[in-house]
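These are the residues of each chain, in order.
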Amino acid sequence: MSEKDKYTVVEAPDGYSAPGFFATTLDKAVGLARKNSIWPLPFATSCCGIEFMATMGAHYDLGRFGAERLSFSPRQADLLMVMGTIAKKMAPVVQQVYEQMAEPRWVIAVGACASSGGIFDTYSVLQGIDKVVPVDVYVPGCPPRPEQIIDGFMKIQELVGKESLRRRYSTEYKEMLESYGIKIDK
Amino acid sequence: MEYSILLQELRNNFGDSILLADDSADIFTVTIASKVIKELIIYLKEKQDFIFLTDLCGIHYPEQEKEFGVIYHLHNLVENKRIRLKTFVTRANPQVESIVSVFSSANWMERETFDFYGIDFAGHPNLIRILNVDYMDYFPMRKEYPLEDATRSDKDDRFFGR
Amino acid sequence: MKTINSEHHLDLTKEDEKVYSTLNLGPTHPATHGIFQNILTMNGETIVGAEQTIGYIHRAFEKIAERRPYYQITTLTDRLNYCSSPINNIGWHLAVEKLLGVKTTKRVDYMRIIVMELARIADHLICNSVIGVDSGALTGFVYVFEEREKIYEIYEELCGARLTTNLGRVGGFDRDFSPLAIQKIRDLINGLPKVLHEFERLLMRNRIFMDRTINVGGISAERALNYGFTGPNLRAAGVDYDVRVMEPYSSYNDFDFIVPVGQNGDTYDRYCVRQTELWESIKLVSNALDNLPEGKFNSEVPAFFMPPKEDVYSKMEPLISHFKMVMGEIDVPEKEIYSAVEGANGELGFYVVADGGRTPYRLHFRRPGFIYYQAFPEMITGAALSDAILTMSSMNVIAGELDA
Numbered sequence: 043m044s045e046k047d048k049y050t051v052v053e054a055p056d057g058y059s060a061p062g063f064f065a066t067t068l069d070k071a072v073g074l075a076r077k078n079s080i081w082p083l084p085f086a087t088s089c090c091g092i093e094f095m096a097t098m099g100a101h102y103d104l105g106r107f108g109a110e111r112l113s114f115s116p117r118q119a120d121l122l123m124v125m126g127t128i129a130k131k132m133a134p135v136v137q138q139v140y141e142q143m144a145e146p147r148w149v150i151a152v153g154a155c156a157s158s159g160g161i162f163d164t165y166s167v168l169q170g171i172d173k174v175v176p177v178d179v180y181v182p183g184c185p186p187r188p189e190q191i192i193d194g195f196m197k198i199q200e201l202v203g204k205e206s207l208r209r210r211y212s213t214e215y216k217e218m219l220e221s222y223g224i225k226i227d228k
Numbered sequence: 307m308e309y310s311i312l313l314q315e316l317r318n319n320f321g322d323s324i325l326l327a328d329d330s331a332d333i334f335t336v337t338i339a340s341k342v343i344k345e346l347i348i349y350l351k352e353k354q355d356f357i358f359l360t361d362l363c364g365i366h367y368p369e370q371e372k373e374f375g376v377i378y379h380l381h382n383l384v385e386n387k388r389i390r391l392k393t394f395v396t397r398a399n400p401q402v403e404s405i406v407s408v409f410s411s412a413n414w415m416e417r418e419t420f421d422f423y424g425i426d427f428a429g430h431p432n433l434i435r436i437l438n439v440d441y442m443d444y445f446p447m448r449k450e451y452p453l454e455d456a457t458r459s460d461k462d463d464r465f466f467g468r
Numbered sequence: 252m253k254t255i256n257s258e259h260h261l262d263l264t265k266e267d268e269k270v271y272s273t274l275n276l277g278p279t280h281p282a283t284h285g286i287f288q289n290i291l292t293m294n295g296e297t298i299v300g301a302e303q304t305i306g307y308i309h310r311a312f313e314k315i316a317e318r319r320p321y322y323q324i325t326t327l328t329d330r331l332n333y334c335s336s337p338i339n340n341i342g343w344h345l346a347v348e349k350l351l352g353v354k355t356t357k358r359v360d361y362m363r364i365i366v367m368e369l370a371r372i373a374d375h376l377i378c379n380s381v382i383g384v385d386s387g388a389l390t391g392f393v394y395v396f397e398e399r400e401k402i403y404e405i406y407e408e409l410c411g412a413r414l415t416t417n418l419g420r421v422g423g424f425d426r427d428f429s430p431l432a433i434q435k436i437r438d439l440i441n442g443l444p445k446v447l448h449e450f451e452r453l454l455m456r457n458r459i460f461m462d463r464t465i466n467v468g469g470i471s472a473e474r475a476l477n478y479g480f481t482g483p484n485l486r487a488a489g490v491d492y493d494v495r496v497m498e499p500y501s502s503y504n505d506f507d508f509i510v511p512v513g514q515n516g517d518t519y520d521r522y523c524v525r526q527t528e529l530w531e532s533i534k535l536v537s538n539a540l541d542n543l544p545e546g547k548f549n550s551e552v553p554a555f556f557m558p559p560k561e562d563v564y565s566k567m568e569p570l571i572s573h574f575k576m577v578m579g580e581i582d583v584p585e586k587e588i589y590s591a592v593e594g595a596n597g598e599l600g601f602y603v604v605a606d607g608g609r610t611p612y613r614l615h616f617r618r619p620g621f622i623y624y625q626a627f628p629e630m631i632t633g634a635a636l637s638d639a640i641l642t643m644s645s646m647n648v649i650a651g652e653l654d655a
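Protein chains in written order, with this note's numbering: chain F, 43 to 228; chain E, 307 to 468; chain Z, 252 to 655.
The set of hints was computed from the structure by calculation and includes no laboratory data.
Certain hints may be false.
[As the list claims (entries may be wrong)] Distance condition first, Cα-Cα at most 27 Å in a straight line; then the derived BS3-like pairs of lysine-lysine:
1. K48(F) <-> K173(F)
2. K387(E) <-> K349(Z)
3. K401(Z) <-> K445(Z)
4. K372(E) <-> K586(Z)
5. K173(F) <-> K204(F)
6. K392(E) <-> K349(Z)
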């Protein structure tokens with residue numbers, strides 16, 4: 043096995059190349075860098091969190107996707123991974139954590155409870171975290187298998203890679219955040 | 307120790323407060339008046355070796371005169387005997403004496419029972435809601451309250467035959 | 252020095268407030284492994300008081316249970332202590348069997364022991380490896396998680412799910428152990444001892460680990476009993492209470508196993524007790540598998556024994572009983588029972604009040620984690636912050652079990 047076969051390199055985005063130069067848009071270059079170094083914030087509350095531990099473990103290894111660096115501080119995190127039931131008591135905390143994250147930020151709802159309340163249609167459970175924060179990707183399952191979590195993560199990577207640099211400054215985006223009652227830094 | 311002897315001992319000490327005794331259930335069950343509950347548990351702990359409070363929970367029987375019950379499970383670890391104590395209180399005055407000073411473990415179990423049923427444990431050091439949000443204004447485990455979340459907008463009653 | 256009253260609220264004067272600082276540990280803190288809040292009052296690095304808030308994933312299990320037919324309650328028990336859900340499932344099935352007065356066959360009992368002990372292994376592995384993580388040794392965690400994956404694969408082979416297994420039925424199991432499952436279990440118990448030895452070599456006599464855990468978060472036997480401790484945490488404090496021995500269920504009395512007991516009730520003792528229990532569980536699984544009797548994998552409980560699918564499609568009676576069972580229309584005697592099993596964290600009890608209807612009138616879960624976690628402030632008062640983290644992970648508080 044040659045030295046080169048031991049690792050894989052992500053593919054370059056579309057662009058123009060000739061000997062000595064390669065040109066592409068800034069969006070794509072930034073997207074490429076971002077999507078392969080996402081720092082997730084694991085917001086694990088219950089069962090799905092245990093499956094997330096398995097996802098981080100040696101067998102499934104989320105590190106292969108450039109996400110082995112978990113950021114437990116929301117300030118440095120790119121991706122909020124909400125895993126598990128969110129009770130009404132917890133809802134303000136989720137929103138607060140989201141507010142503390144810096145733009146650009148993404149959210150993935152892992153598991154039925156985070157997505158829709160799951161089997162717990164009760165007085166104490168929030169019926170899906172999309173009641174308090176905007177969600178980019180939903181992962182079904184109770185709990186989802188690690189493969190599913192990885193699949194959801196790859197969907198996020200796709201979104202991150204394709205996102206326009208202007209999106210977060212658009213009025214639509216600000217209106218969307220305001221509809222959730224999320225404070226926006228002026 | 308045989309349960310009949312224990313029951314006799316209890317009758318000797320607490321007389322009329324022992325309302326009902328049942329040894330046909332899986333665990334020897336004694337129903338007692340709510341006013342002596344703490345005294346009786348102290349007696350069981352100190353004189354009869356029931357040194358372990360296994361469980362404490364509430365129950366609601368809407369059709370009874372005394373609607374709310376508190377159920378204690380004690381365990382005699384020396385002889386491996388269990389006992390179940392029940393006491394009932396009315397909706398108007400749901401008050402039971404707290405046993406936190408006897409068993410520290412009762413602290414959260416009583417708070418949970420208060421949270422679910424609104425049973426007032428007199429003498430509890432910090433009787434506030436434990437599992438539910440502080441601003442909740444009812445006691446959800448009472449039979450008259452619904453289970454479902456009231457804020458769901460995607461549930462159309464017609465689809466559920468209601 | 253100020254005194255702390257029983258609820259650990261501090262009575263601080265203006266003067267003291269300058270000395271003490273408040274630290275908010277949780278509800279989402281990477282070191283708390285679950286969501287519970289501890290507001291610590293700190294004097295420098297030393298904890299002088301703690302106030303706990305729980306209920307962040309309260310899902311109203313007991314209310315849901317009042318609306319669910321008996322066989323559907325396993326979805327709730329799955330999510331109590333999700334690190335070892337088969338124990339909870341089988342505990343619930345044992346409770347319903349006690350209610351219905353059903354006797355199970357030896358084969359069912361032994362199959363249950365195998366599954367429950369596998370779950371105990373999975374649970375203790377997670378707890379002990381996380382103690383390692385919190386004391387700075389991530390290697391052991393990554394190492395034993397590989398073995399946990401194998402247990403999940405066994406669950407998958409037994410029932411199709413990994414974590415929330417819904418394993419077993421009232422009266423036994425929904426299907427027999429497949430030859431592949433038995434092979435996988437054998438592979439696990441042959442391979443696990445080597446991994447466990449290495450894991451032990453990493454931590455058990457490790458000077459740093461011992462310094463971090465010995466005499467940290469200790470509790471006396473008397474206080475532990477007063478606080479309602481059960482399971483490994485109580486045994487670490489020196490009380491040999493184990494439901495498997497005190498009130499043997501599921502033919503546990505057919506087997507020889509040691510109930511390990513600690514001395515100081517500190518973090519190191521809790522670690523050692525769990526570690527010894529892992530070895531005992533491996534032994535139990537191996538013994539039960541070797542002596543697994545032939546026979547049916549489900550006792551004849553007509554109300555809960557699903558008829559074979561081909562009969563449902565072709566015969567009248569099986570179709571009716573299948574329908575009745577799925578709709579939960581079964582005859583339950585009007586009585587109340589308390590049934591307990593030794594969960595991974597302690598005595599997991601089910602107090603069921605049945606009124607003869609299709610659902611329990613009242614179901615109360617005795618969740619061991621909920622009861623012993625209230626001792627946490629007492630155990631960490633006077634300790635350093637880093638010790639509090641270790642104490643918490645060694646108590647193995649599972650949020651799902653805590654809040655129900």
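Are any of the numbered hints broken by this structure? If so, which, sorted upward? Failing hint: just 1.
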